[in-house]
Amino acid sequence: MAQSPSSSVFAPWDDPTKKPLIRFEGVTKRFGDFTAVDNLDLHIYEREFFALLGPSGCGKTTIMRILAGFDPPSEGTVWLDDVNIAPVPPNKRPVNMMFQSYALFPHLSVYDNIAFGLKRSPMPKSEIDGRVQEMLRLTRLEKFARRKPHQISGGQRQRVALARSLAKAPKLLLLDEPLGALDKKLRNDTQFELMDIQEKTGTTFVIVTHDQEEAMTVASRVAVMDNGKLMQVATPDRIYEAPNSVYVADFIGDVNIIEGNLRPQEPGKVLIDWTEGEAPIRAEANGGLTEGTRVSYAVRPEKIAVSAERPDDRANVVQGKIIDIAYLGNISTYHVQLPSGHMISAQMTNSRRIERRDFTWEDTVWLSWTDTAGIVLTQ
Amino acid sequence: MNFRRFLLVLVPYGWLLALFLVPFLIVLKIALSDTALSIPPYTPTLDLSAGWAGIKDFFGALDFENFVFLTQDDLYWKAYLSSLKIALISTLVTLVVGYPIAYGMARAPQEWRPTLMMLVILPFWTSFLIRVYSWMGILSQEGFLNQFLQWAGLTSEPLIILNTNWAVYIGIVYTYLPFMILPIYATLEKLDVSLLEAAEDLGCSRTEAFWLITAPLSRSGVIAGCFLVFIPAIGEFVIPSILGGSRTLMIGKVLWEEFFSNRDWPVASAVAVILLLILVIPIILFQRNEQRQRELEQ
Numbered sequence: 001m002a003q004s005p006s007s008s009v010f011a012p013w014d015d016p017t018k019k020p021l022i023r024f025e026g027v028t029k030r031f032g033d034f035t036a037v038d039n040l041d042l043h044i045y046e047r048e049f050f051a052l053l054g055p056s057g058c059g060k061t062t063i064m065r066i067l068a069g070f071d072p073p074s075e076g077t078v079w080l081d082d083v084n085i086a087p088v089p090p091n092k093r094p095v096n097m098m099f100q101s102y103a104l105f106p107h108l109s110v111y112d113n114i115a116f117g118l119k120r121s122p123m124p125k126s127e128i129d130g131r132v133q134e135m136l137r138l139t140r141l142e143k144f145a146r147r148k149p150h151q152i153s154g155g156q157r158q159r160v161a162l163a164r165s166l167a168k169a170p171k172l173l174l175l176d177e178p179l180g181a182l183d184k185k186l187r188n189d190t191q192f193e194l195m196d197i198q199e200k201t202g203t204t205f206v207i208v209t210h211d212q213e214e215a216m217t218v219a220s221r222v223a224v225m226d227n228g229k230l231m232q233v234a235t236p237d238r239i240y241e242a243p244n245s246v247y248v249a250d251f252i253g254d255v256n257i258i259e260g261n262l263r264p265q266e267p268g269k270v271l272i273d274w275t276e277g278e279a280p281i282r283a284e285a286n287g288g289l290t291e292g293t294r295v296s297y298a299v300r301p302e303k304i305a306v307s308a309e310r311p312d313d314r315a316n317v318v319q320g321k322i323i324d325i326a327y328l329g330n331i332s333t334y335h336v337q338l339p340s341g342h343m344i345s346a347q348m349t350n351s352r353r354i355e356r357r358d359f360t361w362e363d364t365v366w367l368s369w370t371d372t373a374g375i376v377l378t379q
Numbered sequence: 001m002n003f004r005r006f007l008l009v010l011v012p013y014g015w016l017l018a019l020f021l022v023p024f025l026i027v028l029k030i031a032l033s034d035t036a037l038s039i040p041p042y043t044p045t046l047d048l049s050a051g052w053a054g055i056k057d058f059f060g061a062l063d064f065e066n067f068v069f070l071t072q073d074d075l076y077w078k079a080y081l082s083s084l085k086i087a088l089i090s091t092l093v094t095l096v097v098g099y100p101i102a103y104g105m106a107r108a109p110q111e112w113r114p115t116l117m118m119l120v121i122l123p124f125w126t127s128f129l130i131r132v133y134s135w136m137g138i139l140s141q142e143g144f145l146n147q148f149l150q151w152a153g154l155t156s157e158p159l160i161i162l163n164t165n166w167a168v169y170i171g172i173v174y175t176y177l178p179f180m181i182l183p184i185y186a187t188l189e190k191l192d193v194s195l196l197e198a199a200e201d202l203g204c205s206r207t208e209a210f211w212l213i214t215a216p217l218s219r220s221g222v223i224a225g226c227f228l229v230f231i232p233a234i235g236e237f238v239i240p241s242i243l244g245g246s247r248t249l250m251i252g253k254v255l256w257e258e259f260f261s262n263r264d265w266p267v268a269s270a271v272a273v274i275l276l277l278i279l280v281i282p283i284i285l286f287q288r289n290e291q292r293q294r295e296l297e298q
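Sequences listed follow chains A and B, in order.
25 is the number that full-length UniProt numbering gives to position 25 of the first sequence; each next residue is one higher, with no gaps.
210 is the number that full-length UniProt numbering gives to position 210 of the second sequence; each next residue is one higher, with no gaps.
Rather than coming from a laboratory, the hints here were simulated on the basis of the structure.
The beta carbon of each residue, even a glycine, is placed where N, CA and C say it ideally should be.
Take the hints with a grain of salt, since some may be wrong.
Label-pair restraints from in silico Cβ distances [to be verified]:
id, chain 1, residue 1, chain 2, residue 2, range
1, A, K184, B, P114, 34 to 44 Å
2, B, R113, A, L338, 53 to 63 Å
3, A, G154, B, R294, 18 to 28 Å
4, A, G154, B, R113, 39 to 49 Å
5, B, R206, A, K171, 18 to 28 Å
6, A, K171, B, A186, 34 to 44 Å
7, A, D196, B, E208, 55 to 65 Å
8, A, K229, B, R131, 56 to 66 Å
9, A, G154, B, R131, 29 to 39 Å
10, B, R113, A, Q337, 27 to 37 Å
11, A, A86, B, R206, 13 to 23 Å
12, A, D196, B, R206, 29 to 39 Å
Chain B residues, not near chain A, derived (Cβ > 12 Å throughout) [to be verified]:
id, residue
13, L28
14, E189
15, E208
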């Protein structure tokens, strides 16, 4: 989001005049003693591709089932287009769901699966065929219309499930781990396909996933959840670059977390004393932090440079020994041990062929990063 | 490798040959013979000592007389029809009673299911005969049912149930209910609950979801259950002879009377052969259904 805010950028959450499509107000869901969703407030806007991200059991699927109508909230209200949807049964909601297992009807053909919802709607019979054909075209399934679900591949089944849930043109489409059953290559292709279809149809998508990469790729905003609470709701780049807590920083991507005591300097600048024998980390932080506060400093491995010579233009420089190198093809991750015992990961792109690599195990190297590379976290 | 496969195939076919085909051929042979006051009570018997002429005489003496006789006396076809009717109605009633039970079991909490299954199977642990006899105690005019109905003030006169077709229906439905419940339960338990949620999500009411999803997907279980009840019910002998009256006409009873009261083995064998032919049709249908189901699952 480097460009200046203009009307072309899709960011209804920054526009106070926009009304959200969905509003969760103090929603709590309990199963016996277990609180799956804890006092949740959340706004989701029209045409958004909203991702609920978190480990299993964090409550993301419960939120989805509340929206679909399978589990009523224990407390609080959910508004959809200014209608309280608590008393509306699932079959009367303008919401459709794509199930994790796809839940395709095994005794019906691909065509009849897609037509299933339309046949239960007030749509006249003559229009149903046109709509089904449109959905088949959208998901490139024309050739498989007469097949039964067990006669097509996993990727095709996924598309049938998507077509079936989109056929009724719902205001809101819920996707429960939609790509979980696909292999990695197919998953990547399908992610872009999903985004494409979302844009074409203009439907609001809410996706549940535990795969952070998937959430980052497809979503306009990501909500990171833990233990039934929202940890952070923001655009993927904000979540990655400006996590608000150690939990979020750690959940999304790789990160080095260094604990230390804060020493405020001139406005916006801080020093963090983190270990004996090393210079304090220079970082930027907003005001309101007092001297001696225990903080966590988070810096991503790709923001740390590895070099043989001591660089003199970087704000933070430490020396250490390479313990391990993880070669990933395009990049390598270096695990470097500092004299204090801290382990720091740094990532470098492999612009040279591997046999001409500069560093190897046991080499002493310099790690450096700028004062804007990391982020100071207090929780 | 080939020898092992041959051996594997030989076992079931050998079994069928020894315990089904050979006895069937013996029964068929008796059905084609004539009654005789001798031991065994029919002629001809194969006399191999007479050589080729003996074999020729033997086959020459066989005829379809008994089958023709079955069509002449209306007792037999009436008994077949009545058996069919009783078996069909009891199968339907068993389905109507058994399906909800199977459905309830499949929807019960996971930890209850083994117990419920046990309760369905438990009656098998007591003798079938004792269970049928005990129905006499329940259904007779002074039985528990009539005592209860009169105590509750629902009837003033005792109902006559025992020794009527009603008692036969009750007995068959009671006895064969587990055979209906178990296959239906097996298909319903496999049914993915998310299919019903998906149907609801797409606009079905609960009732519609049942008829559009649950019912077609449990079809194979229903068909299996119906055959498992219908096939033994049609040839049922014990239940009609204990609970049914003299007017209850079932082919199993006729068969028994021909064998043991009339000692007319040839006619009894002819009755048995026809009964088998009637049963073979649903059995073939049943197997075809099973095969289709297997193909679907692949």
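Do the hints match the structure? See the list:
Remark: the range hint 34 to 44 Å for K184 of chain A to P114 of chain B is upheld by a beta-carbon distance near 40 Å. Against the hinted window of 53 to 63 Å, the Cβ-Cβ separation of R113 of chain B and L338 of chain A comes to about 58 Å, which satisfies the hint. Remark: the range hint 18 to 28 Å for G154 of chain A to R294 of chain B is upheld by a beta-carbon distance near 22 Å. The beta-carbon spacing between G154 of chain A and R113 of chain B, approximately 30 Å, falls outside the hinted interval of 39 to 49 Å.
Distance hint check: the CB atoms of R206 of chain B and K171 of chain A are about 23 Å apart, consistent with the given range 18 to 28 Å. Range check, K171 of chain A to A186 of chain B: Cβ separation about 40 Å, and the 34 to 44 Å hint holds. One distance hint, 55 to 65 Å for the beta-carbon pair D196 of chain A and E208 of chain B, is violated here, with the actual separation near 33 Å. Between K229 of chain A and R131 of chain B the CB atoms are about 59 Å apart, so this pair conforms to the stated range of 56 to 66 Å.
Between G154 of chain A and R131 of chain B the Cβ separation comes to about 50 Å, which falls outside the hinted range of 29 to 39 Å. About 56 Å separates the C-beta atoms of R113 of chain B and Q337 of chain A, a value inconsistent with the hinted range of 27 to 37 Å. Distance hint check: the CB atoms of A86 of chain A and R206 of chain B are about 18 Å apart, consistent with the given range 13 to 23 Å. Restraint check, D196 of chain A to R206 of chain B: a C-beta distance of roughly 36 Å satisfies the suggested window 29 to 39 Å.
With a closest Cβ-Cβ approach of about 42 Å to chain A, L28 of chain B is found to remain outside the 12 Å limit, as its non-interface label requires. Every C-beta of chain A lies more than 12 Å from that of E189 of chain B, the closest at about 15 Å, which supports listing it as non-interface. Residue-level check failed: E208 of chain B sits 7 Å from the nearest beta carbon of chain A, not beyond 12 Å.
In this structure, the hints that do not hold are numbers 4, 7, 9, 10, 15, in rising order.
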